[in-house]
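Taken in sequence, the protein lines are chains E and C. Here the working numbering is used: the first residue of the first sequence is 1, the next is one more, and so on. Here the working numbering is used: the first residue of the second sequence is 1, the next is one more, and so on.
FYI, nobody ran anything at the bench for these hints, they're computed from the structure. Just so it is clear, CB atoms sit at the ideal spot from N, CA and C, and this is done for glycine as well. There may be inaccurate statements among the hints.
Derived CB-CB ranges, DEER-like [stated by the list, open to error]:
| # | chain 1 | residue 1 | chain 2 | residue 2 | range |
| --- | --- | --- | --- | --- | --- |
| 1 | C | T217 | E | D133 | 34 to 40 Å |
| 2 | E | P187 | C | V209 | 34 to 40 Å |
| 3 | C | R176 | E | D141 | 58 to 64 Å |
| 4 | E | R302 | C | R190 | 56 to 62 Å |
| 5 | E | T102 | C | R176 | 53 to 59 Å |
| 6 | E | D133 | C | L236 | 56 to 62 Å |
| 7 | C | A267 | E | D133 | 17 to 23 Å |
| 8 | E | P144 | C | R176 | 54 to 60 Å |
| 9 | C | T217 | E | V105 | 53 to 59 Å |
| 10 | E | D162 | C | P179 | 50 to 56 Å |
| 11 | E | D162 | C | A267 | 38 to 44 Å |
| 12 | C | A267 | E | P144 | 25 to 31 Å |
| 13 | C | L236 | E | V105 | 22 to 28 Å |
Which stretches of chain C does chain E cover? Using the computed rule of at least three CB atoms under 8 Å from a CB of chain E, they are [as the list claims (entries may be wrong)]:
| # | region |
| --- | --- |
| 14 | 200 to 208 |
| 15 | 213 to 225 |
| 16 | 232 to 246 |
Residues from chain C that keep clear of chain E, each with C-beta distances beyond 12 Å, as calculated [said to hold, decoys possible]:
| # | residue |
| --- | --- |
| 17 | F87 |
| 18 | I93 |
| 19 | V95 |
| 20 | A96 |
| 21 | A113 |
| 22 | W119 |
| 23 | T140 |
| 24 | G183 |
| 25 | A297 |
| 26 | M313 |
| 27 | P315 |
| 28 | L331 |
Chain residues, written in single-letter form:
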Amino acid sequence: MSLRAPVGLRVVLVGLVIFALGIGPTLLDPYGRTLVVEIAIWSMLALSFGLVFGFAGMLSFCQSLFFGAGVYAVALAFEGFGWTFWWGLAAGVFLPVVLALTLGVFLVRLRGHNFVIGSVIASLIAVYLILSDSEFTGGDDGLPFSLPAARLGSLAVPLGDDYFKYYMVVIVAILILLSVWRVITSPLGRMFLAARDNEVRLEFLGYRPERVRLAAFVLAGAVAGLGGVLYASVFRYASVQLLRWTTSGEAVMWCLLGGVGTIVGPVIGTTALVMAKDHLSSWLERSYPIFVGLGIILVVIRFPGGLVGLLSGRRVLVKSTAHGEPSG
Amino acid sequence: MLAAQGASPLRPLSLLRVGLRVLAPVGDLTGGSVSEAVCRVGDGDNWSPDKRNKEVDILAAASFQALNGVVWGLMVALISVGLSLIFGLTEVINVAHGEFYMLGAVLAWYMAAWTGNLWTAALVAPIAVGGLGLLLERFTLRRIERRPVVTILVTFGLALILQHVVLLVFGPAPRRLVPPPLGVVSLMGRDYPVYRILVAAAAVVTLTVVATFLRFTRLGLWVRAVQQDQEMALALGIPVGSVYMATFGIGAGLAGLAGVLVAPITAIEFQMGSDILPLAFMAVIVGGLRSLRGTVAASLSLGILEGLFSVGMSPVLARCLTLVTLGLFVLGRTGQLWPRLRMEGTQ
Numbered sequence: 001m002s003l004r005a006p007v008g009l010r011v012v013l014v015g016l017v018i019f020a021l022g023i024g025p026t027l028l029d030p031y032g033r034t035l036v037v038e039i040a041i042w043s044m045l046a047l048s049f050g051l052v053f054g055f056a057g058m059l060s061f062c063q064s065l066f067f068g069a070g071v072y073a074v075a076l077a078f079e080g081f082g083w084t085f086w087w088g089l090a091a092g093v094f095l096p097v098v099l100a101l102t103l104g105v106f107l108v109r110l111r112g113h114n115f116v117i118g119s120v121i122a123s124l125i126a127v128y129l130i131l132s133d134s135e136f137t138g139g140d141d142g143l144p145f146s147l148p149a150a151r152l153g154s155l156a157v158p159l160g161d162d163y164f165k166y167y168m169v170v171i172v173a174i175l176i177l178l179s180v181w182r183v184i185t186s187p188l189g190r191m192f193l194a195a196r197d198n199e200v201r202l203e204f205l206g207y208r209p210e211r212v213r214l215a216a217f218v219l220a221g222a223v224a225g226l227g228g229v230l231y232a233s234v235f236r237y238a239s240v241q242l243l244r245w246t247t248s249g250e251a252v253m254w255c256l257l258g259g260v261g262t263i264v265g266p267v268i269g270t271t272a273l274v275m276a277k278d279h280l281s282s283w284l285e286r287s288y289p290i291f292v293g294l295g296i297i298l299v300v301i302r303f304p305g306g307l308v309g310l311l312s313g314r315r316v317l318v319k320s321t322a323h324g325e326p327s328g
Numbered sequence: 001m002l003a004a005q006g007a008s009p010l011r012p013l014s015l016l017r018v019g020l021r022v023l024a025p026v027g028d029l030t031g032g033s034v035s036e037a038v039c040r041v042g043d044g045d046n047w048s049p050d051k052r053n054k055e056v057d058i059l060a061a062a063s064f065q066a067l068n069g070v071v072w073g074l075m076v077a078l079i080s081v082g083l084s085l086i087f088g089l090t091e092v093i094n095v096a097h098g099e100f101y102m103l104g105a106v107l108a109w110y111m112a113a114w115t116g117n118l119w120t121a122a123l124v125a126p127i128a129v130g131g132l133g134l135l136l137e138r139f140t141l142r143r144i145e146r147r148p149v150v151t152i153l154v155t156f157g158l159a160l161i162l163q164h165v166v167l168l169v170f171g172p173a174p175r176r177l178v179p180p181p182l183g184v185v186s187l188m189g190r191d192y193p194v195y196r197i198l199v200a201a202a203a204v205v206t207l208t209v210v211a212t213f214l215r216f217t218r219l220g221l222w223v224r225a226v227q228q229d230q231e232m233a234l235a236l237g238i239p240v241g242s243v244y245m246a247t248f249g250i251g252a253g254l255a256g257l258a259g260v261l262v263a264p265i266t267a268i269e270f271q272m273g274s275d276i277l278p279l280a281f282m283a284v285i286v287g288g289l290r291s292l293r294g295t296v297a298a299s300l301s302l303g304i305l306e307g308l309f310s311v312g313m314s315p316v317l318a319r320c321l322t323l324v325t326l327g328l329f330v331l332g333r334t335g336q337l338w339p340r341l342r343m344e345g346t347q
């Protein structure tokens, strides 16, 4: 079963989108616009996790790996290899998908806690690889870089323009959201749910659960990777902290708070928490992860359905393949 | 691990040589100069005293690193045994376990700063951390045990909280602790710090005590009983709740002890727990989830493997390669690497 987001929250989401596209840019100051851009980018990471956990039942801590892979692919393509703009973007899309495919082939065969640990270790291996060649990748200090000039036919793309960045990120994020929604409501999306809830039955129906889960994993990896590409285009800085499994954990929090098992949930959760983080005073800012931790514990124990669950009256935490047992 | 079956004492050394030569190309990729020397060491006609000295140097370096690996592996063993005990009993994947290790090290630092004495820290810190584990079990985790996803998430939340509380109090910069001045021993032509040998000995003693405890005491019997069949244990009147608390306390205490012991020989910082946790998990999985002996063996292999790898490459890459090797080993053994290679008797 999946949670259907209550109509109220869907309206809120649509409202947010309209605001972001329409009057927002004129109403908000540059700082507000940057906040919206941040929310859009991070909700991609949260969406990626929501996809792989809420819909396919795999508790994955390596979504940040794919996000970071997108960032580093772009950064290294421009800074390390000197590629042109479009090729660099292509690398940023290509690498996370390839990584998700390669890792996924091995990881989706793992059950329950083995999968979780495998995903943590995958992130760790990636972090160590990046740290091992500090000269090339910037190591612990990260890698600032600049975007090369971009041309679309005979037009120059105004990458530096504030408004352009804003619209680019928001529009791409909305497109990704729509695509994911399209997949989730398609038969493939139903198979994700089936793989999560009752693998045995899915196998009896003639499908291979591992293939289905791999599809979900790669899709989620692509979403995270695209988020990374957006991050790279706007912030022009690659940091190894982005890949740590603890960053994935933050996305877990956003997703849990909003409501796992829906499309709306991760986005709303990210919006709420990024805005909350922004409004805290500087002292609280440093101890913000403490509240993230408390929040996770609270949500998981008391409000498993997150915001969506709270408002729709259901208190169900989505089942996962952690038990490896069929349900119902 | 290198298993030398032959009677000849030279066997392990030649295996090591072969191993180093195999690793050499990897080292070359990463610019390890030691491996260059290995590549150039030939046998037969090209033998010369100069090259032979280089080879002996590499062997000495490798043995030195392997010894470090044993010490390090024993520390990982302390942590993994705690993790394994907790998991085997409560089915809790304790993501916060690494933080117990970190707390042990941080407490050691503070106690050393206040009392100037590391030995009191070695006594107090494990008990304090163990007590914390006990309390956490009683008040937070009791309600959610046996629900894997939930416990992973909750312990992750706990880990975040512990990490960042320490960050607030201790600060982000890594700090070091001066090891007790115990001098060095001469091993294989090199000077080896006595403190590390002491640490290894302490770990071995502790592990033996734990094994004895599990086998020969009543509480140990209860722990094993609850691990095997919780309902039956309940029916027999074993206080399962107390057993849970005690196991958590012991597991946390072991990790804390590892933290204290390792504090003078590593950098103490708030993230050190999340750095070592995946290694401990690997050791638990490779060693088999309910086998403490397997866990210890896996931890030692991990340490020695990493030590040997680091002869030819940077420590970071060595750890990376160790993780990859162990990961492939786990995947291969569970028959899940390629479905067609599924072996009889494995799931």
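Non-conforming hints, listed in increasing numerical order: Numbers 1, 2, 3, 5, 8, 9, 13, 14, 15, 16, 17, 18, 19, 20, 23, 26, 27 and 28 - these are the hints that the structure violates, sorted from lowest upward.
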